[in-house]
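Using the supplied hints, reconstruct the complex from the two chains, each of which is provided in its own coordinate frame.
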Amino acid sequence: EPEVTQTPSHQVTQMGQEVILRCVPISNHLYFYWYRQILGQKVEFLVSFYNNEISEKSEIFDDQFSVERPDGSNFTLKIRSTKLEDSAMYFCASSDSGGYNEQFFGPGTRLTVL
Amino acid sequence: DAKTTQPPSMDCAEGRAANLPCNHSTISGNEYVYWYRQIHSQGPQYIIHGLKNNETNEMASLIITEDRKSSTLILPHATLRDTAVYYCIVRPHNYGQNFVFGPGTRLSVLP
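Residue numbers (the numbering used here), protein chains in the order written: chain A, 1 to 114; chain B, 115 to 225.
Among these hints, one or two may not hold up.
[Said to hold, decoys possible] Capping the alpha-carbon separation at 27 angstroms, the derived lysine-lysine pairs in DSSO-like fashion look like this: (1) A:42 x B:183; (2) A:42 x A:83; (3) B:117 x B:183; (4) A:57 x B:117; (5) A:83 x A:57; (6) A:42 x A:57; (7) A:42 x B:117; (8) A:42 x A:78; (9) B:166 x B:117.
Because the hints were derived from the structure by calculation, they are not lab data.
Extracted from the complex, chain B is given alone in its bound form (with noise of 0.2 angstroms):
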């Protein structure tokens, strides 16, 4: 079973800041925070991931709390293209280590 919990279903403005919460209390030290997003029955598209510092890419940032016990995905200016449904994964750091995806949270960006 997943080991993170998300909320069913967020919205959010076209042009605003999306921050997508995910809880994961039960983190060990050696998983990694790995957030997907499935766009209508499209294959899961990797996003971001990281361990316990704050991560930026092109695409997204994520904030994990000091204790690791949650994190938040940022999406600085969502556009209709970003509404997708999202994963928030932990994952130990392990090789060929699959992963086990939730029910992840249904963001919709609105006009």
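Isolated chain A, as found in the complex (with noise of 0.2 angstroms):
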């Protein structure tokens, strides 16, 4: 069964260092996400993206964040500038052209920001 892939499972930076979190989408899908979650807290939205540019964002994704898909396969989170508040798991999520139906997520990126 086609499943959602994220790297690294676990990645540890100092504050104010440049993060890239990579994923890649079921192959079929052309709608792409990237959810957080604060250790305790609710999964919250990020991101949507579609046919190569972000198709809405919450207030949490400010200029330190970016989305790009770089080919055809990968979709990467990147933080300029992380900061301690940045600690939590990025889930990557794609769904299929519709976009109406469900989303499948990855299993999440553990990102720690000391």
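Shown next as structure tokens:
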């Protein structure tokens, strides 16, 4: 069964450093998403991406964040200058061409900012 | 904010049916009811979704009341591996619409 994959599973970084989180969505999906979950809190939407541009973003997704689909398979989330409060699980998700239906989530990347 | 209300926690005996309620009294006509679950800190896992008819798949059944103001997710024979946080989400039927997660119900399946 096809699945969303994410790398790395755990990333440790120093405050102020740039990090790139990588995702490989399900191959025939065209809608891509990033969510995050701070430890003990709710899953929060960050951004959606379709046709090589951002469709929607939340208030959390400020100028420190960017997304990119550098090739036909990868979808990345970049945090330019990490803060302590960026420590969280980051989940990538994808959905099929209609975007109406369920989103399939990856296993997540645990980001720890020291 | 999430448009649903769920009990914060529930217990269920292994092998018994788990019935998880959800209230969505302000649901709109174009909004579907989705259920996801999250085991430990893994990514949310899709379970089932529906508009107004009852739905069943290999994982669960979804019962939606006639007025669509509430629903129940049924896991027919709960196992220990079903211990997770279950999220009930209402979502408009739009292109690329994101999901808004609430705190969910923490289901503990007890041996």
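Hint by hint, here is what the structure shows:
no. : hint          : in the structure
1   : A:42 x B:183  : holds, 23 angstroms
2   : A:42 x A:83   : holds, 19 angstroms
3   : B:117 x B:183 : holds, 11 angstroms
4   : A:57 x B:117  : holds, 19 angstroms
5   : A:83 x A:57   : holds, 19 angstroms
6   : A:42 x A:57   : holds, 17 angstroms
7   : A:42 x B:117  : holds, 14 angstroms
8   : A:42 x A:78   : holds, 21 angstroms
9   : B:166 x B:117 : holds, 17 angstroms
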